[in-house]
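**Student:** Below, each chain spelled out in residue letters.
Number of protein chains: 2
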Amino acid sequence: MEGFKSFLFFLVSALLLGFALVIFVLVWVLHYSDGLAWDGGNPEFNWHPVLIITGFVFIEGIAIIVYRLPWTWRCSKLLMKFIHAGLHLTATVLVIVALVAVFDFHNAKKIPNMYSLHSWVGLTIVILFVFQFVASIVVYLLPITPVSVRAAVMPIHVYSGLLLFGGVIGTCLMGITEKLIFALRNPAYSTFPPQGVFVNTLGLLIVIFGGLIMWIATRPAWKRPPEVALKDQHSFGGSSGSAPPEYSKSDKSDVELNSDAARKRNLKLDEAGQRSTM
Amino acid sequence: MEGFKSFLFFLVSALLLGFALVIFVLVWVLHYSDGLAWDGGNPEFNWHPVLIITGFVFIEGIAIIVYRLPWTWRCSKLLMKFIHAGLHLTATVLVIVALVAVFDFHNAKKIPNMYSLHSWVGLTIVILFVFQFVASIVVYLLPITPVSVRAAVMPIHVYSGLLLFGGVIGTCLMGITEKLIFALRNPAYSTFPPQGVFVNTLGLLIVIFGGLIMWIATRPAWKRPPEVALKDQHSFGGSSGSAPPEYSKSDKSDVELNSDAARKRNLKLDEAGQRSTM
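Chains as they are written, first to last, in the working numbering: chain A, 1413 to 1690; chain B, 1413 to 1690.
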C-alpha cells in the first residue's frame, strides 16, 4: 500500500477519536446530565445523543472505511460486503432506537415533534439512509443484479454514503446546539458553564472525526486493489450482465495497452475499483 | 465533455438554488425579521446570515466549481486561477463584514461572544479559510513555487476546500437553529410559526445546494482536461522544480505505455490534472 504509514496515522487517529467521542457523550449524559434510563424523562432523551454518536458517527464512520483496511484485502469481496452491510445494520438499529427515545421523550413531556431544522434534516437523512441501505442490498448483495448495473450505481452509492455521513455530522452539531440552549438555563449557555464548554468540545471532535474519515475514504492510493474487487464482481454476478473483463497484470496484452480505447477502458476499470472500495 | 447534459442539469440546478438561497435569506430578514441596518440592533445582526449565505455558501460554491465550466476551458489556467481566487476574495470580504456585524451586535446588546458551538466551529472555519486562501496564493499564484510543491499540495488544497465548504454548511445549520430558538418566542419555534417553517426550508435548500456543488466538484468526467492544466503548470513554474513531463496524446510513445512504471506515472498525471481542476 502506498503511503501506509500515513494511512496508519489517519486510521489510528480516527479510531482514537471515535472512541473519544463515545466516552465524551457518555461523560456528558452520565456526569453533566441526568444519566440514562427509559422513563420518559431527560435520562430517556439522553439515549438519543449516545446512540446517534455511537451508531451514526463512530460505527458508520468505520463502515465507510472498512474496505480500505489493507489487512482485509486478503478477505473475499463478498465477506467484506457482509461486514460493510453488518456495520450499517448495527448503525441503523442504534439510530432507530435513538429516534424512538426522542419521540417518546417529546410525547411524554408534551413537546411538539418535528418542528426544528435538526429534526427535518435528521429524519430526512435517516429515511434516505435506510433507503440507500435496502437499495444497496438489492444491488450489491443479491446475485440477480447485473454487474453493469452495479458499476453504474457505484458512484451514486459512494457519493450518497459520504453525503449522508456529512449530513449526520451537521445534524449532530444542530442537535448539540439545541440541547445546550434548552438544557443550560442556570447558569446559561452564554456564561461558559463547564457542560457547555465540554459539549462544544465534543462537537469540535465530531467535526474532526468526520474530516479524518472523509480523508481516508477519498484517497485514491488507499483503495482496495481493483483486481481483487473486479475478480469478485465477475464471479459473483458477472454471468447476467455485461461484465467488464477481469483485470490483472497477467492478462493485459501489449496490444490492449497500445490502443486508446483500451487505455480508457482500463482507466474506467481502475476507477470502478476505486469506487467499489467504499 | 462526457455527460454534458447531466452536467448542465446539475449546474443549472445549483445556480437556480444558489439564487433561491439569496432570495430566501433576504425574505427572511426583510419580511419576517427587522430588515437591514447598521444600528447595533437586530437589523445589524441580519447582515450576518445575508452575507454568510451570499458569500460563504453561494459565491464560495461557484468558486469551487468554476474550473469545471467547459466554456472556460479555452481560457488560460492563469486567468482561471485569478477568477477562482477573485471569487474566494469576494467571499472572504463578505464573511469578514458578516463577522463584524455579529460581534458589533453582541457588544451593543451585551451578549457574550464565542460561547456557542456555532461560533467555535464558524470562527475556526473562517481562520482556516483565510489561511488556506493566503497559502494557496503563495503556492499557486506566485511564480517562485516549484511545480513539484504545487502538485504535492494539490490533494490537500482540494480536500480542505471541500471540507471547509461542508463545514460552512454545517455552521449555517447551527446558526439557523440558534437564531430561530432565540428569535421565535411568541409564537414559539415549536408551534410551527411561518418564519420557523420558512427558515427551516432555507436550511434544507442550503444542504441540497451543498450536495449539488460537491457532486459537480467530484465527478472525474467533468474535470478540466489535464493536458491544458499541465501545460500551464509547466510553463508557469516548471523551471524551478521537478516538473512532470507535459502530457498530451502526441508525445506518449508506445514504449512508455508498455512499461508499468510509465503507466503508473500517466495515471498519476491524470489524477494530478483532476485534482488541479477544483
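Hints listed in this document are in silico derivations from the structure and should not be mistaken for laboratory results. Keep in mind it's a predicted model, so treat the numbers as computed, not measured. Some hints could be false.
What the hints assert, rightly or not - Per label pair, the in silico range of CB-to-CB distance:
| id | chain 1 | residue 1 | chain 2 | residue 2 | range |
| --- | --- | --- | --- | --- | --- |
| 1 | B | Pro1524 | A | Val1434 | 29 to 37 Å |
| 2 | B | Phe1545 | A | Val1505 | 37 to 45 Å |
| 3 | B | His1443 | A | Leu1420 | 52 to 60 Å |
Stated by the list, open to error - Here are the computed lysine-lysine pairs in the BS3-like style, where the Cα-Cα straight-line distance is at most 30 Å:
| id | chain 1 | residue 1 | chain 2 | residue 2 |
| --- | --- | --- | --- | --- |
| 4 | A | Lys1521 | A | Lys1417 |
| 5 | B | Lys1417 | B | Lys1522 |
| 6 | B | Lys1591 | B | Lys1521 |
| 7 | B | Lys1417 | B | Lys1493 |
| 8 | A | Lys1521 | B | Lys1522 |
| 9 | B | Lys1591 | A | Lys1522 |
Backbone N, C-alpha and C fix where the C-beta goes; we use that ideal spot for every residue, glycine too.
**Student:** Run every hint past the structure and note whether it holds.
**Tutor:** Each hint tested on the structure:
no.: 1; hint: B:Pro1524 <-> A:Val1434: 29 to 37 Å; verdict: 30 Å, holds
no.: 2; hint: B:Phe1545 <-> A:Val1505: 37 to 45 Å; verdict: 43 Å, holds
no.: 3; hint: B:His1443 <-> A:Leu1420: 52 to 60 Å; verdict: 54 Å, holds
no.: 4; hint: A:Lys1521 <-> A:Lys1417; verdict: 51 Å, violated
no.: 5; hint: B:Lys1417 <-> B:Lys1522; verdict: 53 Å, violated
no.: 6; hint: B:Lys1591 <-> B:Lys1521; verdict: 15 Å, holds
no.: 7; hint: B:Lys1417 <-> B:Lys1493; verdict: 26 Å, holds
no.: 8; hint: A:Lys1521 <-> B:Lys1522; verdict: 33 Å, violated
no.: 9; hint: B:Lys1591 <-> A:Lys1522; verdict: 23 Å, holds
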